[in-house]
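So that you can map any letter, position 71 of the sequence shown is 121 in the numbering used here, and since no number is skipped, the others follow by simple counting.
Simulated from the structure, these hints should not be mistaken for laboratory data. Incorrect hints may have been included.
To be verified - Straight-line C-alpha distance at most 27 Å; calculated DSSO-like pairs for lysine-lysine: (1) 254 x 240; (2) 207 x 240; (3) 255 x 324; (4) 331 x 348; (5) 79 x 324; (6) 328 x 255.
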Amino acid sequence: KPTSTRDYATGFLKEQYEWLKQDLEVVPKDKMVVLCVHIPLYGKVSASGESGHYVKEVHKLLNQYAEAHVISGHTHINRNEEPNSTFKNVYEHNVGTVCGTWWASTVCGDGTPNGFSVFIGEGTGFSEWYYMGYNEGMNTRDYQMRLYRGNAITGAKINDNKNGVEGYYSFNFGEDVVLANVFNADSKWKISVYEDGEYSGDMKKISDTSASYTKETVGSYTFEDPRRIKDGVVAANDMWVVGYHMGVLDRYSLTNKEPSNGSWSGNTHMYKYKLKNKDAKVKVVAIDYFGNRYEETKFYDYRDNAI
Numbered sequence: 051k052p053t054s055t056r057d058y059a060t061g062f063l064k065e066q067y068e069w070l071k072q073d074l075e076v077v078p079k080d081k082m083v084v085l086c087v088h089i090p091l092y093g094k095v096s097a098s099g100e101s102g103h104y105v106k107e108v109h110k111l112l113n114q115y116a117e118a119h120v121i122s123g124h125t126h127i128n129r130n131e132e133p134n135s136t137f138k139n140v141y142e143h144n145v146g147t148v149c150g151t152w153w154a155s156t157v158c159g160d161g162t163p164n165g166f167s168v169f170i171g172e173g174t175g176f177s178e179w180y181y182m183g184y185n186e187g188m189n190t191r192d193y194q195m196r197l198y199r200g201n202a203i204t205g206a207k208i209n210d211n212k213n214g215v216e217g218y219y220s221f222n223f224g225e226d227v228v229l230a231n232v233f234n235a236d237s238k239w240k241i242s243v244y245e246d247g248e249y250s251g252d253m254k255k256i257s258d259t260s261a262s263y264t265k266e267t268v269g270s271y272t273f274e275d276p277r278r279i280k281d282g283v284v285a286a287n288d289m290w291v292v293g294y295h296m297g298v299l300d301r302y303s304l305t306n307k308e309p310s311n312g313s314w315s316g317n318t319h320m321y322k323y324k325l326k327n328k329d330a331k332v333k334v335v336a337i338d339y340f341g342n343r344y345e346e347t348k349f350y351d352y353r354d355n356a357i
């Protein structure tokens with residue numbers, strides 16, 4: 051029985067699991083299987099039996115095949131959950147939404163543009179998959195990342211400022227740091243930095259997505275003293291998106307003067323690099339899972355708050 055007040059839970063009823071098991075019995079094991087669900091399954095893979103809503107059992111079924119993909123939604127973010135050591139053949143794609151952050155933004159909570167994923171099948175597998183933005187300015191195949199300086203201030207003064215709340219945020223890194231939100235990246239992507247036209251090095255993924263956000267940020271929301279991640283805390287969040295949602299779209303709570311639902315979302319595709327020369331002309335090149343190349347030179351800050 052689902053425990054959520056909204057009367058849903060991650061997983062499957064016993065009847066659904068039994069139906070899927072019987073349906074897959076007629077599918078040859080050398081085929082690719084694609085399972086589409088609403089709520090993502092990652093994070094619940096160890097749950098088994100009726101109390102675990104059969105998530106583990108479903109993964110066992112999928113893992114028998116040469117290639118298996120779960121395509122999920124629900125979260126309004128874009129996240130690629132790669133195969134693990136237990137289920138080596140199961141890849142989950144938690145796809146961003148055309149409606150963005152809860153029908154109130156041009157970007158999802160993790161910074162991915164409002165949009166959708168495209169999967170191209172060939173033979174017994176996918177020959178390619180990619181993310182495609184929907185809104186003007188973000189709706190080309192080339193738009194696969196957004197760049198920031200480590201000290202960029204994002205957001206704007208909140209329109210309804212009767213409670214004294216401001217919507218300014220910062221990443222809390224130095225100006226010699228480059229940050230990239232690469233919307234559809236996974237571990238197979240190679241993301242490199244060029245300084246003045248010369249290869250400088252590869253960006254590293256910011257791995258921690260577990261920060262409790264408001265409790266681990268400091269500052270007063272002003273432009274001079276923006277809200278920022280505490281020193282020593284690693285948080286893979288797109289602070290430009292938070293500033294945009296807080297300062298421009300007023301996505302905050304009047305009760306506690308904190309970001310409201312939709313202002314913050316975990317991010318699994320933020321990358322960081324420390325420049326050798328902070329004044330160099332910078333280009334970031336991302337090569338995806340299938341060898342496609344994307345380049346970006348534009349950096350975003352508080353002046354880019356109305357896309």
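Structure-based check of all given hints:
1. 254 x 240: Distance of about 9 Å is within 27 Å: holds.
2. 207 x 240: With a Cα-Cα distance of about 37 Å, the restraint between residue 207 and residue 240 is violated, given a limit of 27 Å.
3. 255 x 324: 12 Å, holds
4. 331 x 348: With Cα atoms ~10 Å apart, residue 331 and residue 348 stay inside 27 Å; holds.
5. 79 x 324: 46 Å, violated
6. 328 x 255: 20 Å, holds
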